[in-house]
Amino acid sequence: MSHESFDDAFHALFAERSAALYRYVNRVSGDPPLSEDIVQECFVKLHRRGAMPDDPPAWLMTVASNLLRDAQRRVARRRRLTQTWSADLPLGGDAPRADAPALAAEQVERVRKALDQLPLRDRQLLLMRHEGYRYREIADVLGLTPTSVGTMLVRAGEAFRRAYHGLFDASR
Amino acid sequence: MDSSTHPADGDLRALLDGELPSAQRLEIEQHRATCQVCRARLEALESASRETAELLNLLPSQAPKLRIESIVSRARGPQLRWGAIAAGLALLIATVAGATVGRPYVRALVEHIRTVVRPAPPSPPPPPQTPLGQLGVAFAPGSEADVSFDATQSAGTLRVVLADTSKLVIDPTASVTYRVQPGGVVVHNRGSEASYDVLVPRYARHVRIRVAGRLLFEKTGSSITATAAVDPTGGYVFQLR
Numbered sequence: 001m002s003h004e005s006f007d008d009a010f011h012a013l014f015a016e017r018s019a020a021l022y023r024y025v026n027r028v029s030g031d032p033p034l035s036e037d038i039v040q041e042c043f044v045k046l047h048r049r050g051a052m053p054d055d056p057p058a059w060l061m062t063v064a065s066n067l068l069r070d071a072q073r074r075v076a077r078r079r080r081l082t083q084t085w086s087a088d089l090p091l092g093g094d095a096p097r098a099d100a101p102a103l104a105a106e107q108v109e110r111v112r113k114a115l116d117q118l119p120l121r122d123r124q125l126l127l128m129r130h131e132g133y134r135y136r137e138i139a140d141v142l143g144l145t146p147t148s149v150g151t152m153l154v155r156a157g158e159a160f161r162r163a164y165h166g167l168f169d170a171s172r
Numbered sequence: 001m002d003s004s005t006h007p008a009d010g011d012l013r014a015l016l017d018g019e020l021p022s023a024q025r026l027e028i029e030q031h032r033a034t035c036q037v038c039r040a041r042l043e044a045l046e047s048a049s050r051e052t053a054e055l056l057n058l059l060p061s062q063a064p065k066l067r068i069e070s071i072v073s074r075a076r077g078p079q080l081r082w083g084a085i086a087a088g089l090a091l092l093i094a095t096v097a098g099a100t101v102g103r104p105y106v107r108a109l110v111e112h113i114r115t116v117v118r119p120a121p122p123s124p125p126p127p128p129q130t131p132l133g134q135l136g137v138a139f140a141p142g143s144e145a146d147v148s149f150d151a152t153q154s155a156g157t158l159r160v161v162l163a164d165t166s167k168l169v170i171d172p173t174a175s176v177t178y179r180v181q182p183g184g185v186v187v188h189n190r191g192s193e194a195s196y197d198v199l200v201p202r203y204a205r206h207v208r209i210r211v212a213g214r215l216l217f218e219k220t221g222s223s224i225t226a227t228a229a230v231d232p233t234g235g236y237v238f239q240l241r
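Those protein sequence lines, which keep their order, are chains A and B. Numbered by my numbering, the letters in the first sequence go through residues 1 to 172 in order. Numbered by my numbering, the letters in the second sequence go through residues 1 to 241 in order.
A portion of the hints provided could be inaccurate.
[As the list claims (entries may be wrong)] Just so you have them, the derived chain B footprint on chain A, three or more residues with Cβ under 8 Å:
no., region
1, 51-58
2, 61-72
3, 152-159
4, 162-169
[Said to hold, decoys possible] Calculated pairs, DSS-like style, for lysine-lysine (alpha carbon to alpha carbon, straight line, at most 30 Å):
no., chain 1, residue 1, chain 2, residue 2
5, A, 113, B, 65
6, B, 65, A, 45
7, A, 45, B, 167
[To be verified] Across the chosen pairs, the derived CB separations fall in these ranges:
no., chain 1, residue 1, chain 2, residue 2, range
8, B, 234, A, 76, 41 to 51 Å
9, A, 148, B, 228, 45 to 55 Å
10, A, 106, B, 25, 16 to 26 Å
11, A, 148, B, 66, 26 to 36 Å
I should point out that these hints are in silico values taken from the structure, not numbers from a laboratory. Quick reminder that beta carbons are idealized off the backbone N, C-alpha and C, glycines included.
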């Protein structure tokens, strides 16, 4: 691929995928500044690669997934270091908008907390599928077999809804 | 599949998602046509899947305006340490010139460049440090806390963030050694290229952060003085060079 055609493909991919990648990473992490950093890092790595991978969206998702895992390790290490970090304190996340109805903001917060109760892989699984990724792509990024994705989606979905309804019941 | 064997939930979910190979899809659909249990299970899975999607749709979906120019600029930025290469070349030229000409000012120049390229180790042997070579340290800052990095670095950043913690945390990307002492911590970072996140408790009364003796950040009550502006993520980012 010539330099010009790589640059063109890079710009097109950025225009097409950067917002969706950010949305996915932000929904998995609940941390907008971290999500912005991760998306930028993904595209920096791609640009430095100098050639398009066979499946650019899957490649971006794999890099993002690795960066998310690194970030989660850092957060876990900080928690161990501080030991006083309240589990209730958000590590980031979009603050509910002041003009948003309180109930809607509470519901969003419950969804966020329910997701945060899931292991990172289950969060990624649910949100990749939610973004429309096929089983084969999900399996490649998360290191699963495609035939296990359906079962794992069912279980992750059940765990998510159970956590959400548990939080809902606790708030009543 | 005989009529008494029900497909697994994972296969039913894959059917709903259009992810089953055609032979398996046909088999399950034939079974479903005659199996009330599986029809009910499929409906339940579809409803659960819809509820999950509706809940996930509540999460923020707007992306900030990411600038491709800054990404391309970062990607094209120097990955080699041109400063070190230039200093090395200068040292070579000056050494040759010094050996050839032997003039005092050339020798002085060589010595000066040597200190830049290969800083002299600190003269006293380093005191025992506890703990050694670990990733990160946290301590309660007390009424005053000084965080002192021994040296500047050839690479790496220092990001200072106010946080709702009771401990001051230093979180590097690679192991360094620390000496925690009354009133603060000394980070022995000479030769390191790590980057550091420093979480300063929001309610700490007085915190100073120095690099190679230079005061970069000071928090007194709610007042903050820093040599870097706060970035969009709410942190103060300092280059360690």
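Verification of the supplied hints:
Against chain B, the region 51-58 of chain A contributes 0 residues with a C-beta closer than 8 Å to a partner C-beta. That does not satisfy the three-residue criterion, and the hint is violated. Closer than 8 Å: that is the beta-carbon criterion, and the region 61-72 of chain A has 0 residues meeting it against chain B, so the requirement of 3 is violated. Interface restraint, the region 152-159 of chain A with chain B: holds (5 residues with C-beta to C-beta distance below 8 Å; minimum three). Proximity of the region 162-169 of chain A to chain B, defined as three or more residues with a beta carbon under 8 Å from a beta carbon of that chain, is not established by the 1 residues found.
Proximity of residue 113 (chain A) to residue 65 (chain B) is assessed by CA-CA distance (about 26 Å); at most 30 Å being required, the pair is judged to hold. Distance hint between residue 65 (chain B) and residue 45 (chain A) is fulfilled; the C-alpha atoms sit about 19 Å from each other, no more than 30 Å. Simply put, residue 45 (chain A) and residue 167 (chain B) have alpha-carbon atoms about 35 Å apart, too far for the 30 Å limit, and the pair is violated. In this structure, residue 234 (chain B) and residue 76 (chain A) break the distance hint of 41 to 51 Å, their C-beta atoms being roughly 21 Å apart.
Under the hint 45 to 55 Å, the C-beta atoms of residue 148 (chain A) and residue 228 (chain B), about 48 Å apart, fit the expected range. Taking 16 to 26 Å as the suggested C-beta distance range, the pair residue 106 (chain A) and residue 25 (chain B) does not conform, at roughly 41 Å. Between residue 148 (chain A) and residue 66 (chain B) the CB atoms are about 34 Å apart, so this pair conforms to the stated range of 26 to 36 Å.
In the structure shown, a violation is registered for the earlier hints numbered 1, 2, 4, 7, 8 and 10, in ascending order.
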